[in-house]
Amino acid sequence: MRDFWKRYCRNRGALIGLLILTLVILIAILAPLLFPQSPWKMVQRPFLPPFSQGDLLLGTDAVGRDVMAGLAHGAYVSLLVGLVSTIVALAIGVPIGASAGYFAGRVDDALMRFTEFFQTIPSFALAIVLLATFQPSLTFVIIAIAIVSWPPVARLVRGEVLSLRTREFIEAATLSGLGNLQIITRHILPNALPPIIVLASLMVAQAILLESSLSFLGLGDPNIMSWGYMIGAARTVIREQWWLSFIPGMAILLTVLALNLIGEGLNDALNPRLTRKSK
Amino acid sequence: MKRQARNLMAALAMTIALPAMAQEPQAGGTLNVVIQPEPPGLMIGLIQNGPTQMVAGDIYESLLRYDTDLNPHPGLAKEWSVSEDGLTYTFKLHEGVKFHDGEEFTSEDVKFSIDVFLRETHPRLRTSLEHLESIETPDPYTVVFKLKNPFGPFLGLFEPGTAPMIPKHVYEGTDFANNPANNTPIGTGPFKFDKWEKGSYIHLVKNEDYYLEGKPYLDEIYYHVIPDAASRAVAYETGKVDVLPGGSVENFDVPRIKEMENTCITDKGWELFGPLAWMWVNNDNPPLDDPKVRQAIMHAIDREFARDALWNGLGKVATGPVSSSTRFYSDATPDISYDPEKAKALLEESSYDGETIRLLGLPYGETWQRWAEAVKQNLAEIGMDVEIVASDVAGWNQKVSDRDYDLAFTYLYQYGDPALGVARNYFSDNAEKGSPWNNVANYQNPEIDKMFDEAALMVSPEDREKAYAEIQDIIVSDAPNIWLLELGFPTISRCNIHDPVTTAIGVNDSFRDTWIEK
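Taken in order, these protein sequences are the chains called A and B. If you read the first sequence in our numbering, its first letter stands for residue 175, the second for the next number, and so on. If you read the second sequence in our numbering, its first letter stands for residue 18, the second for the next number, and so on.
Among the hints, erroneous ones may be present.
[What the hints assert, rightly or not] Some chain A residues flagged as far from chain B (calculated, every beta-carbon gap over 12 Å):
{"no.": "1", "residue": "Arg186"}
{"no.": "2", "residue": "Met216"}
{"no.": "3", "residue": "Phe221"}
{"no.": "4", "residue": "Leu231"}
{"no.": "5", "residue": "Val258"}
{"no.": "6", "residue": "Leu393"}
{"no.": "7", "residue": "Tyr403"}
[Stated by the list, open to error] With the C-beta cut set under 7 Å, the calculated list includes, among others, these residues of chain B facing chain A:
{"no.": "8", "residue": "Thr191"}
{"no.": "9", "residue": "Phe193"}
{"no.": "10", "residue": "Glu404"}
{"no.": "11", "residue": "Ala407"}
{"no.": "12", "residue": "Val410"}
Simulated from the structure, these hints should not be mistaken for lab results. Where a beta carbon is used, it is the ideal one built from N, C-alpha and C, also for glycine.
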């Protein structure tokens, strides 16, 4: 573990990423305490520029809502969507990929064709179709994002499992009479974990971007203040009040950047040999 | 030198405080107007949606025109009279009026248009024609309408969107909807149809044989089809178009464009329509069946804020079911203004118990979305739990038609008279599912039904005024719906274009009196 941490710290970008993400998580957790009022509350006259009034650090939006409060509550939504949809995507992708890789043959064929079916449809277009069909609520946004983002997981897991299943220790496990399920869960998956973790960190970033894009297009949950919604609502005044789009845009950029840096750091830390080779 | 002299005169005129000098109109020039969206057709007898009316208003005319106080003025009829008992309306037509194909316009065309063509094709007019007994044409320039019973709004029907004059010689005995002439509309108006480049523009040219000497002033009109709101704003900013009819650019673009040089803005020209925005309240769904809950909502909503922040300060705060520009509007109705404390107290007394109320926004763009959010917040502040339901236009129609809503934004036209544009939304027996435009709230008040029926048939305007004042009083105290704003749709144009809006239907009327100062 200490080794892991040491290797992680060697990547300075990853440290900065971790710092930013911690900050965002803190803001998200503390949002209800820092801004106990609803982020939809109209607190002042509309279009107050940032830093013009002491208690409204970032000014107000088109309807006079506190931008800072929106940003804080939006952080919670973005992280929640990113995290939960990634977990759901993993829950779909890992079993499919593992079964395909482990059982090979026809099972593999069937499952991979199924995966490819999802991969051939552009993920964003599919998400739009899913949300346009269902009622746009936070749950459906998460489900839609999960549905469009599991195929890479399945393919990655399949590849890992394929390379592991012919190893001696798996043969030994088979010989000792362990069932398929136990072999997969106890012996193969733990060894396939590092690349999955790295991929997962990038998927969280991807999910945050997707959620923002969907909200920007007005397909998000209309009852939830998210960063994408804030940009979408502000795009109409981008020529006069550019900061209303810029501020939440920055928040998305920083969070996604942080997650990508962390992903890279995790990659370095989990695959030490790879790192050395690349240097 | 000439210019200086003119300036001097203008200055003089101001110093001695004379009324504004009436300038001599100049003939000639091209008018570039935005049309949004592209109309499905221009034959106004068959299609009456907004963009069709706007273009066809130059091609077709009706018997009367209405000023911004809804007083009738001569159109194709030069004079008219109403009998004492309110049953006979006699119109004298202008002589020498020609259709664009050269045929003369006579009383036969009037009879054909109203009695045959529009009776078949125009549902809104057909409802009013139920009061009509017969149309007589004693001579080519006289038309006599005989009614079965007095019908107060009758004289308000003769604008081009409701009762356009259609050439009998072209349409008689044909299949109206499939007549090839529909593609090259023929009317009596000041402009003739020239060319329609689909997806790009509609071109009208001056009617040289127009019956009013010297009119129209303009040589030609281009209606430009520009599908994207931002591009329409840019088209004005770059000088491609000179007139932006109400609603053609997004509200938030209006302040910026308004600041441009040589730009004038008017919110006139909507008086006949009197667009009123309100929220339908599903009177069948508990707890909204409790009048106290509805009254609480009524007082919880900050209409002035919505007007100032979302509608650029244009429009008026509504006081009840009738727009202030509609005839027989009464301002003596019970107060419904913003008063959160009163709202809280009312909610406290009511049967509301924390239920989640669904709010269906109107999918007509950002302004309406922000408005729904503001209303949700207004209601949250008096302790109501509101959930916004998002939908597209088809979904909105479906949900409202099926009464699958609690609160739903809408706005409707009133056509100048409560009997035409208000009663339909409050009649008990006009509440069947399947239409998003009838009594969607399912407001049931037999007393009101009776009063509406009687008021429509009264002869004297004074009696009607009294009757409608009483109706408005009762409806507002029952609070079946939450009235919000009389919408203001500003028409934006270059200031050197004079008189783009002269009547109560604004740019939907012809540009007959419009001229360009060079």
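Inset, instruction - Starting from the hint list further up, note which numbers the structure goes against and sort them upward. - result: Hints 2, 3, 6, 7, 8, 9 and 12 contradicted; others consistent.
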